[in-house]
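Turn these sequences into a full structure, and let the hints steer you where they fit.
Letter by letter, the chains look like this.
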Amino acid sequence: MQPFRKHTGIVVPLDKVNVDTDQIIPKQFLKRIERTGFGRFLFYDWRFSGDGKESGTKTGDFVLDAPRYAGASILVAGKNFGCGSSREHAVWALADFGFRVVIASSFADIFANNSLKNGLLTVRLSDEQVADIIRRSKQIANYRLSVDLEALRVDDGQGFEATFTMDEFSRHCLLNGLDDIGLTLQHEAEIAAYEAKHPVPSEMEIDMKTILAR
Amino acid sequence: MDRQWAKLESMPRTLFEKIWDAHVVAAPTGQSALLYIDLHLVHEVTSPQAFDGLRANGRRVRQPLRTVATVDHNIPTTPRGLPIADAIAAKQIEALQNNCREFGVPLFDMDSAEQGIVHVIGPELGITLPGMTIVCGDSHTSTHGAFGSLAFGIGTSEVEHVLATQCLPQNKPKTMQILVRGNLAEGVTAKDLALGIIGRIGTDGATGYVIEYAGDAVRALSMEGRMTLCNMSIEAGARAGLIAPDETTFAYVDGRRFAPKGKDWEEALASWRTLASDAGAQFDRVIQIDAAALAPFVTWGTNPGMVVAVNARVPELTSFAQEGDRRAAEQALAYMGLEPGIPIENIAVDRVFIGSCTNSRIEDLRSAARVAKGQHVSPKVRAMVVPGSQAIKHAAEKEGLHRIFLDAGFEWRESGCSMCLGMNPDILQPGERCASTSNRNFEGRQGRGGRTHLVSPMMAAAAAIAGHFTDIRNWQFR
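Protein sequence lines, in the order shown, are assigned to chains L and V.
Using the working numbering, you'd call the opening residue of the first sequence number 1 and step up by one each time.
Using the working numbering, you'd call the opening residue of the second sequence number 1 and step up by one each time.
These are calculated hints, taken from the structure and not from any lab test.
Possibly wrong hints are sitting among the right ones.
Here are some chain L residues the structure puts well away from chain V; computed CB gaps all over 12 Å [what the hints assert, rightly or not]:
hint	residue
1	Thr8
2	Arg35
3	Gly159
Pairs of lysine-lysine, DSS-like flavour, derived with a Cα cap of 30 Å [unchecked claim]:
hint	chain 1	residue 1	chain 2	residue 2
4	V	Lys172	L	Lys197
5	V	Lys261	V	Lys373
6	V	Lys398	V	Lys373
7	V	Lys261	L	Lys209
8	V	Lys91	L	Lys209
9	L	Lys53	V	Lys91
10	V	Lys174	L	Lys197
11	V	Lys380	L	Lys53
12	L	Lys197	V	Lys263
13	L	Lys209	L	Lys197
14	L	Lys16	L	Lys138
15	L	Lys209	V	Lys373
16	V	Lys91	L	Lys58
17	L	Lys16	L	Lys53
18	L	Lys16	L	Lys58
19	L	Lys6	L	Lys209
20	L	Lys6	V	Lys172
21	V	Lys380	L	Lys16
22	V	Lys261	L	Lys197
23	L	Lys58	L	Lys138
24	L	Lys6	L	Lys16
Each residue gets a CB set at the ideal place from its N, CA and C atoms; glycine is no exception.
Structure representation (structure tokens):
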């Protein structure tokens, strides 16, 4: 995983609450079996006309496509961002599009977990702070923020400053780009001991083997 | 079944805490707890990249017999012998078949008698049991909480993590009790209870929490009803929703194919009987709901919290106190093609979908059939019934439910997720309005430009016949 320490980039405002993962990446793009290439389908139904197939035309109306936000790497949105479906494709699409940070006043649990596994930083600020950033990003040309995970600080160098919190372990993993499967496997002895005490129930084992054999 | 729920300390604990404590493998200082996962359900859409990750790192599936796969999300619901027309969907299904073969994971494939929606077949086969930890790369995994198991949805990276280690690092969520006092009125179902709760607390009302549903109205629910209620927990943002197991639970599980038998059953039962929140256990938040005050609900907007009683009206924009919510409501109504203030019963529908992991079980189909019996679907409506599993389909056919539906003009399909998320060919056309028993009315969820109204199976069947929403409490059953 790509480590995250500090990032400075252009901010694009998505001034909506409850943005669900069906909007971030519509279901018609979930059939792909790769992890890559989802960026061009990001917010597809909001950005492209047509029948929802890959051949749609970009309308240019959606904020992400406005020339002034070209190259944005920080997305700021209203509360409960990423609610709904557990599809990690939503995070893959945001990251593949070039986003390193999403700022919102709250995030859905599964989305926040998925982001963490992909080096996409989710920053929780208050409703007022989010509104302030949205206002600034609409008013100020080329509006940029610096997000510092070591210092747990966001600042725009022109008067906006905020601190945020994150649980220590998640922060540690993100800062160092740690593969958490590797971390879990360091507990092999404890997992094995647990499994010795809690074997697969016998009916389950026998029946599942029958399913495997057919 | 030697799970120890008892703890030396006499501190009263919630049901959630008992299950959590019994599954902590390691609690390293400064890290998340490592939780053991008893059952990992797998489907075609969120697993291919996880299996690729295993291959890339030379890892195996640690516990293939605690892993169960099926195909549900993108399979067609047309007769099973036909080839899958969508080449990309076919490739994804083939990837699951190959992965299961390569890693030794049991698969209930398209042509098997056990195939069905992953959250329907787990309980139906007795794979889902009380006290378990259950995960799946699907947010509606919360369904299994109906059995008093801790069940939650995960992303694909976490799917890979569980495949490789059978564990997940987890931060302990907070606990919320939703106490539903009194009884649901005739015509008011578990679906309406779920929608009523989400309407009250909002789609982020339970974010960061595990909900335990309790109270007389919850106790009175069948297992099917409890699954519907727990299924929708995620729509309130909850990590999971659960209900303490009782005689209703045990009677449902008893004799199911993978459930414990004989002496194992007796032991399991004794252990499961301790799975209840202790008297005096503290929840971080408690919400009380008066069951008698609930009505059959219909969503009017683009998230499940945008909901009113069927005999009410689409809300006025002035009724929203928060600016963000008012703007969201305005956008939702524009998308839905609705005006504020119109009576819900005046809204005509083009399509009806009865199915999904929320409402596709035998009891759901029975209740819809009761409404449809001797009636006919409005000529302006196309209505579809999609059983949750092959087993449900066959049970329904044995009872003659399919005849009632077919005679009334409903389509009777093969099992799968179908139009709940429209990954297969069952989708709404732009502008089409649908009464749906599924769980999400997000923009484009059932097809780009499609307009979804969430309702109970009875309300959906009634809308199909009337051609518009109608209060099931006034229905003339034939």
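Structure-based check of all given hints:
Every CB of chain V lies more than 12 Å from the CB of Thr8/L, the least distance being 26 Å, so the non-interface label holds. Annotated as non-interface, Arg35/L brings its C-beta within 12 Å of a C-beta of chain V; the closest such distance is 5 Å. The claim that Gly159/L lies off the interface holds: its Cβ sits roughly 23 Å from the closest Cβ of chain V, which is beyond the 12 Å cut-off. With a CA separation close to 23 Å, the supplied pair Lys172/V and Lys197/L stays within the 30 Å bound.
Distance hint between Lys261/V and Lys373/V is unfulfilled; the C-alpha atoms sit about 39 Å from each other, more than 30 Å. Restraint check for Lys398/V and Lys373/V: the C-alpha separation of about 16 Å stays at or below 30 Å, so the hint holds. A C-alpha spacing of about 17 Å is found between Lys261/V and Lys209/L, which places the hinted pair at or below 30 Å, so the restraint holds. Taking the CA atoms of Lys91/V and Lys209/L, the gap is about 26 Å. The hint holds against a cut of 30 Å.
Proposed proximity of Lys53/L and Lys91/V is supported: the alpha carbons are some 18 Å apart, at most 30 Å. At most 30 Å may separate the alpha-carbon atoms for a hinted pair to count; Lys174/V and Lys197/L meet this at roughly 28 Å. Between Lys380/V and Lys53/L, the direct Cα distance comes to roughly 28 Å. Compliance with the 30 Å bound is thereby established for this hinted pair. Note on Lys197/L and Lys263/V: the hinted pairing holds, with a Cα-Cα distance of about 18 Å set against a maximum of 30 Å.
The straight-line distance between the Cα atoms of Lys209/L and Lys197/L is roughly 21 Å, inside the 30 Å bound, and the hint therefore holds. Note on Lys16/L and Lys138/L: the hinted pairing holds, with a Cα-Cα distance of about 14 Å set against a maximum of 30 Å. Between Lys209/L and Lys373/V, the direct Cα distance comes to roughly 43 Å. Violation of the 30 Å bound is thereby established for this hinted pair. For the proposed pair Lys91/V and Lys58/L, the alpha carbon gap of about 28 Å is at most 30 Å, so the pair holds.
Taking the CA atoms of Lys16/L and Lys53/L, the gap is about 25 Å. The hint holds against a cut of 30 Å. For the hint pairing Lys16/L with Lys58/L, the CA-to-CA distance comes to about 20 Å; that is within 30 Å, so the pair holds. Between the alpha carbons of Lys6/L and Lys209/L the distance comes to roughly 50 Å, so the proposed pair goes past 30 Å and is violated. For the hint pairing Lys6/L with Lys172/V, the CA-to-CA distance comes to about 28 Å; that is within 30 Å, so the pair holds.
At roughly 35 Å between alpha-carbon atoms, Lys380/V and Lys16/L are farther apart than 30 Å, so this suggested pair is violated. With a C-alpha separation of about 20 Å, the suggested pairing of Lys261/V with Lys197/L holds against the 30 Å cut-off. Simply put, Lys58/L and Lys138/L have alpha-carbon atoms about 22 Å apart, close enough for the 30 Å limit, and the pair holds. A distance of roughly 26 Å separates the Cα atoms of Lys6/L and Lys16/L; the hinted pair therefore holds under the 30 Å criterion.
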